[in-house]
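Respectively, the protein sequence lines represent chains Y and L. Take the first sequence: its position 70, counted from the start at 1, is 70 in our numbering, and no numbers get skipped. Take the second sequence: its position 112, counted from the start at 1, is 608 in our numbering, and no numbers get skipped.
Heads up, a few of these hints could be off.
What the hints assert, rightly or not - SDA-like, lysine to any residue: derived pairs with alpha carbons at most 25 Å apart:
(1) Y/K395 with L/R609
(2) Y/K306 with L/E607
(3) Y/K16 with L/G606
(4) L/K676 with Y/S406
(5) Y/K16 with Y/T112
(6) L/K703 with Y/S406
(7) Y/K395 with L/R617
(8) Y/K16 with L/R712
(9) Y/K353 with L/G542
(10) Y/K16 with Y/L226
(11) Y/K353 with L/R617
(12) Y/K306 with L/Q515
(13) L/K703 with Y/T112
(14) L/K703 with Y/I292
(15) L/K703 with Y/A273
(16) L/K676 with Y/A295
(17) Y/K306 with L/P728
(18) Y/K353 with L/E607
(19) Y/K353 with L/I665
(20) Y/K16 with L/L715
(21) L/K501 with Y/S406
(22) L/K703 with Y/P373
(23) Y/K395 with L/E584
(24) Y/K353 with L/A709
(25) L/K703 with Y/K306
(26) Y/K16 with L/R617
(27) L/K703 with Y/L372
(28) L/K501 with Y/I292
(29) Y/K353 with L/L715
(30) L/K676 with Y/P493
(31) L/K501 with Y/L490
(32) Y/K353 with L/P728
(33) L/K676 with Y/L226
(34) Y/K395 with L/A709
(35) Y/K353 with L/H699
(36) Y/K395 with Y/A295
(37) L/K501 with Y/S291
(38) L/K501 with Y/P373
(39) Y/K353 with L/Q515
The set of hints was computed from the structure by calculation and includes no laboratory data.
Listed below are the residues making up each chain.
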Amino acid sequence: MHRLKSPVERLSPGQKMVLSALACVLVAIVAAPLREVLDLANMVMLFLLTVLVVAVSLGRNPAILASVLGVLLFDVFFVPPHFSLAVSNLQYLITFAVMLATALITGHLTATLKEQAAEAERRERRTHALYEIASKLAGALNEAQVREIVTPFVTAEFSGRCALWLAERDFSGDAAVEGFAPAIADLVMASGLRRVDHDAGHALYLPLKAPMRVRGVLLVQTPERLPEADLAFVEALASLVAIAVERLHYVEVAQRSEVDMATERLRSSILSALSHDLRTPLTVLIGLADSISLAAPELPAVAQDKLDELREQTRRLAGLVGNLLEMARLNAGSVTLRQEWQSLEEVVGSSLKLVGDALGRHRLRVELPRDLPLLRFDAVLIERVLCNLLENAAKYSPADGEIRISAQVAGDFVELSVSDQGPGFPEPLSGDLFDMFVRGNGESTTPGAGLGLAICRAIVDAHGGRLRVANHSTAGASVQVSLPRGEPPLIEPEGA
Amino acid sequence: MSEEKPQVLVVEDEVNIRQFVRLALEAEGCAVIEAGRLADGLRRAGEGHVDLVVLDLGLPDGDGIEFIRSYRGWSEGAVLILSARVEERQKIDALDAGADDYLTKPFGVGELRARVRALLRRRSRQAGEASPVLGFGEIKVDLARRLVTRGGEEVHLTPIEFRLLTMMIAHPGQVLTQRKLLAEIWGPSYVESSHYLRVYVGHLRQKLEDDPAQPRHFLTETGIGYRFQPGP
Chain Y
1 MHRLKSPVER LSPGQKMVLS ALACVLVAIV AAPLREVLDL ANMVMLFLLT VLVVAVSLGR
61 NPAILASVLG VLLFDVFFVP PHFSLAVSNL QYLITFAVML ATALITGHLT ATLKEQAAEA
121 ERRERRTHAL YEIASKLAGA LNEAQVREIV TPFVTAEFSG RCALWLAERD FSGDAAVEGF
181 APAIADLVMA SGLRRVDHDA GHALYLPLKA PMRVRGVLLV QTPERLPEAD LAFVEALASL
241 VAIAVERLHY VEVAQRSEVD MATERLRSSI LSALSHDLRT PLTVLIGLAD SISLAAPELP
301 AVAQDKLDEL REQTRRLAGL VGNLLEMARL NAGSVTLRQE WQSLEEVVGS SLKLVGDALG
361 RHRLRVELPR DLPLLRFDAV LIERVLCNLL ENAAKYSPAD GEIRISAQVA GDFVELSVSD
421 QGPGFPEPLS GDLFDMFVRG NGESTTPGAG LGLAICRAIV DAHGGRLRVA NHSTAGASVQ
481 VSLPRGEPPL IEPEGA
Chain L
497 MSEEKPQVLV VEDEVNIRQF VRLALEAEGC AVIEAGRLAD GLRRAGEGHV DLVVLDLGLP
557 DGDGIEFIRS YRGWSEGAVL ILSARVEERQ KIDALDAGAD DYLTKPFGVG ELRARVRALL
617 RRRSRQAGEA SPVLGFGEIK VDLARRLVTR GGEEVHLTPI EFRLLTMMIA HPGQVLTQRK
677 LLAEIWGPSY VESSHYLRVY VGHLRQKLED DPAQPRHFLT ETGIGYRFQP GP
């Protein structure tokens, strides 16, 4: 990639000037003995040839020097009177002028041509280099490989240092990358514009601008200030790196989601197996308990009581297992909300029916405004929330206490409250109530595992809603579920 | 009641569940045939006349839905599904495939008997004449005259409300999936527009239920659909 320079190209400008002067002097010395033989016009040709050679091999400035020096040497050594700047015939002044002009023009044209050729060659080389690095980057499998490809490339091309700062990995302040000023990198990241850090020599910070976003910063530190042409080149390099990094990012995202999906599948298959294995014996228990009275309808009162108790406890166990499985499902993140536009009144109705017997002798007051808007939620899950809240209310309320369900529109939310006339939540109210296995009163003899509110909270959170608890000033607890209103779809009027 | 015992096929892999289901069915006066596997169940169903199939969805040798699809190909017999409550989707698929009702595990014998009774009663009624005047609670519906009265007073229903009402009372005690109702009443392009159903069922409840928040006739099967419960 890095082309070897010819010996002449490695000379400093001063050395090139000296070389140019030596060439002129050499020509003068060689031509001097021939001055009686050769015509002066041919001498002029010799000097012009020298200028041409110098222009081709050493460049523009040495060529100018050779032009001037050639004219002087020609005057001193070849134009009579010899060894003096004086001129015998004024006509020679025209010769000098033409000679100088020709030499300068020839030198200039040649040097320009040569420079253009060199520039074209350089461009061709850069294009090739970019092409090569692009194909290498296309094969990079990870970010380390991207670094391994870019760093030696920059070192070779600009004999400079290079560092790569990737937004996703290194932005936690990777100052370990030597010479990297995080403040400037941040600025470049934010603005997407390149910057030069003048405090640290010639440090160029380039944003890695990929189609989706700025993916990081490429730092190129060079011993000298980069010329305009090279700037375009490093920018091209930066965008190649950016595309490579973005491609890697998406490859990673795809792989991660594949792994997630596999994990998810495993989780939900374990959960459904577990659910099946737990529910089957429960179904058998409840069924058999019920069947005993079928098989022997006339049981003694004591046995009948025991049977009823057995059935009741089994149902409670089934409810508990249901809650545990639900919590496990929610925690495993394997619940996808089946959100539809639902009527709150309907879900309240079905929850009341489900809870049914558990409400027992409690008085029930349902106060739902007729004009409640439809809300977007997963009816099965919100029903679970309401059932849990109603069961709690029934559990903690005195036998003849009132359970009240009310709802109202409040701004962008609809608030649904379930209140009871029980002892209320222990003061001070704290967020702990929503944690798993935390119960309002740890010593309480009321059965329960403290899962109810945790499940409610998880479900309501998943809907972008809020769950709040409060105690009434008189007596009783109140739990409020706020669900976002959204914009219900229009219902086409009938018979239009 | 017919002189012949209704034939019920129980397809369930758990012996213990099969056992108490058999007990409950026999208490309802049914003759019970048992099968532990899907293939076995299909064979038994094909062997003789079956009035009702009680089917577990999670069978060891296949999905219960396959059973329903195959069974519906040649029989109109009622199908009651037993399923764990994990996936609503599964129940909907089974109902859409042609099952008539479902029970969620764990269930009590009382619930099971009530469902079986309702399904068998509907079968026997379908055989007879459909009456043009139906009643539930204090509501009377005269299908021929498209007249609905509540405690003697006429109730005005819009055409869609009336269609929804007739469809629901035509399937007493049976779960109708959202999809089925939407397709039937609003048309196939509305099967995803469940909000129509919410609004119109709400209207029916407002007009025909004593307490719309605690309906006794137009019941919600959350996540699945609706069930019309005649009753007093």
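So, going through the hints one by one against the coordinates:
| no. | hint | result |
| --- | --- | --- |
| 1 | Y/K395 with L/R609 | violated (29 Å) |
| 2 | Y/K306 with L/E607 | holds (21 Å) |
| 3 | Y/K16 with L/G606 | violated (110 Å) |
| 4 | L/K676 with Y/S406 | violated (32 Å) |
| 5 | Y/K16 with Y/T112 | holds (17 Å) |
| 6 | L/K703 with Y/S406 | holds (21 Å) |
| 7 | Y/K395 with L/R617 | violated (38 Å) |
| 8 | Y/K16 with L/R712 | violated (107 Å) |
| 9 | Y/K353 with L/G542 | violated (38 Å) |
| 10 | Y/K16 with Y/L226 | holds (23 Å) |
| 11 | Y/K353 with L/R617 | holds (24 Å) |
| 12 | Y/K306 with L/Q515 | holds (22 Å) |
| 13 | L/K703 with Y/T112 | violated (97 Å) |
| 14 | L/K703 with Y/I292 | violated (43 Å) |
| 15 | L/K703 with Y/A273 | violated (45 Å) |
| 16 | L/K676 with Y/A295 | violated (40 Å) |
| 17 | Y/K306 with L/P728 | violated (33 Å) |
| 18 | Y/K353 with L/E607 | holds (14 Å) |
| 19 | Y/K353 with L/I665 | holds (20 Å) |
| 20 | Y/K16 with L/L715 | violated (101 Å) |
| 21 | L/K501 with Y/S406 | violated (50 Å) |
| 22 | L/K703 with Y/P373 | holds (18 Å) |
| 23 | Y/K395 with L/E584 | violated (28 Å) |
| 24 | Y/K353 with L/A709 | holds (10 Å) |
| 25 | L/K703 with Y/K306 | violated (45 Å) |
| 26 | Y/K16 with L/R617 | violated (114 Å) |
| 27 | L/K703 with Y/L372 | holds (17 Å) |
| 28 | L/K501 with Y/I292 | holds (23 Å) |
| 29 | Y/K353 with L/L715 | holds (9 Å) |
| 30 | L/K676 with Y/P493 | holds (21 Å) |
| 31 | L/K501 with Y/L490 | violated (52 Å) |
| 32 | Y/K353 with L/P728 | holds (17 Å) |
| 33 | L/K676 with Y/L226 | violated (73 Å) |
| 34 | Y/K395 with L/A709 | holds (22 Å) |
| 35 | Y/K353 with L/H699 | holds (20 Å) |
| 36 | Y/K395 with Y/A295 | violated (33 Å) |
| 37 | L/K501 with Y/S291 | holds (21 Å) |
| 38 | L/K501 with Y/P373 | violated (50 Å) |
| 39 | Y/K353 with L/Q515 | violated (29 Å) |
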